[in-house]
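Visitor: Quick note: the sequence shown uses our numbering, first residue 1, plus one each step.
One thing to keep in mind: the hints can contain errors.
[What the hints assert, rightly or not] DMTMM-like mimics (lysine to aspartate or glutamate), calculated; alpha carbons at most 25 Å apart, straight line: (1) LYS107 x GLU68; (2) LYS107 x ASP43; (3) LYS31 x ASP43; (4) LYS165 x GLU68; (5) LYS107 x GLU59; (6) LYS66 x GLU3; (7) LYS107 x GLU65; (8) LYS107 x ASP167.
[Claimed, not checked] Pairwise CB distance ranges (calculated): (9) LEU17 x ALA133: 21 to 27 Å; (10) VAL32 x ASN69: 30 to 36 Å; (11) ILE7 x PHE58: 29 to 35 Å; (12) GLU65 x TYR168: 23 to 29 Å; (13) ASN8 x VAL32: 20 to 26 Å; (14) SER73 x THR134: 19 to 25 Å; (15) GLU169 x ILE81: 24 to 30 Å; (16) VAL32 x ALA74: 50 to 56 Å; (17) ALA74 x SER148: 38 to 44 Å; (18) LYS31 x LEU151: 40 to 46 Å.
Hints in this document: simulated from the structure, not taken from any laboratory.
Beta carbons: idealized from backbone N, C-alpha and C, even for Gly.
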Amino acid sequence: MMEGNKINYGIFAVFILFLLFSQLIEFEFGKVVTDNFIIFARDMLLILPPAFIIIGLFEVWISREKIENSFGSASGSLRYIYAVLLAATTVGGTFVAFPVANSLYHKGADYSSIFTYITAASLVMIPMSIMEATIIGLEFTLLRIGLSIPLVIISSVILNRLFLKLDYELPTDV
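Could you put together the complete structure from these sequences and hints?
Guide: As structure tokens, this is what we get:
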């Protein structure tokens with residue numbers, strides 16, 4: 001595993017050197033990549049630390065029993081509503097959704113709840129939906145969400161059954 005980290009750091013170092021060299025020789029493509037990288041890095045530095053603090057608090061404050069009762073297989077169809085509502089309030093896209101999903105998994109949520117949450121996190125974020133409704137129209141936003149969510153839930157149920165049939169478990173070292 002250590003060898004893989006060295007390769008990743010090496011690739012990142014080459015990327016940074018490319019960015020610096022592009023600035024020196026005023027290579028236009030490299031300058032655009034640098035600008036985009038700076039915007040992306042800034043956004044991640046603004047979003048991720050508060051998000052991970054909230055995820056840490058979620059880990060400590062929300063009990064395993066609460067997650068099992070709300071997102072586990074015994075919670076029935078309510079788990080999908082909870083997953084969509086949690087996803088709607090998730091800010092930061094998949095950068096935040098995957099760590100939350102990992103926490104849900106380790107606290108006893110079933111696969112269908114986790115799949116619903118991850119997919120819905122990219123579909124129904126409140127800020128994105130409000131912006132979409134103001135630009136494209138409320139009817140389109142409601143239609144998109146209304147058609148997407150049932151398909152997400154159906155897909156999640158199918159994947160859950162497949163995972164259970166295969167007796168699949170996520171790796172514990174993630």
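Visitor: Please go over all the hints and tell whether each is borne out by the structure.
Guide: We went through each hint and held it up to the structure:
1. LYS107 x GLU68: Distance ~7 Å between LYS107 and GLU68 Cα, so the pair holds.
2. LYS107 x ASP43: Violated, at roughly 29 Å.
3. LYS31 x ASP43: The given pair, whose Cα atoms are some 18 Å apart, holds under the 25 Å limit.
4. LYS165 x GLU68: The given pair, whose Cα atoms are some 20 Å apart, holds under the 25 Å limit.
5. LYS107 x GLU59: Given that 25 Å is the threshold and the Cα spacing comes to 9 Å, the pair holds.
6. LYS66 x GLU3: 40 Å, violated
7. LYS107 x GLU65: 8 Å, holds
8. LYS107 x ASP167: 18 Å, holds
9. LEU17 x ALA133: 21 to 27 Å: 44 Å, violated
10. VAL32 x ASN69: 30 to 36 Å: 50 Å, violated
11. ILE7 x PHE58: 29 to 35 Å: 33 Å, holds
12. GLU65 x TYR168: 23 to 29 Å: This hint holds: roughly 24 Å between Cβ atoms.
13. ASN8 x VAL32: 20 to 26 Å: 24 Å, holds
14. SER73 x THR134: 19 to 25 Å: 39 Å, violated
15. GLU169 x ILE81: 24 to 30 Å: 26 Å, holds
16. VAL32 x ALA74: 50 to 56 Å: 52 Å, holds
17. ALA74 x SER148: 38 to 44 Å: At roughly 26 Å between Cβ atoms, SER148 and ALA74 fall outside 38 to 44 Å, so the hint is violated.
18. LYS31 x LEU151: 40 to 46 Å: Check passed, 41 Å falls within 40 to 46 Å.
In this structure, the earlier hints numbered 2, 6, 9, 10, 14, 17 are contradicted, and the remaining ones agree with it.
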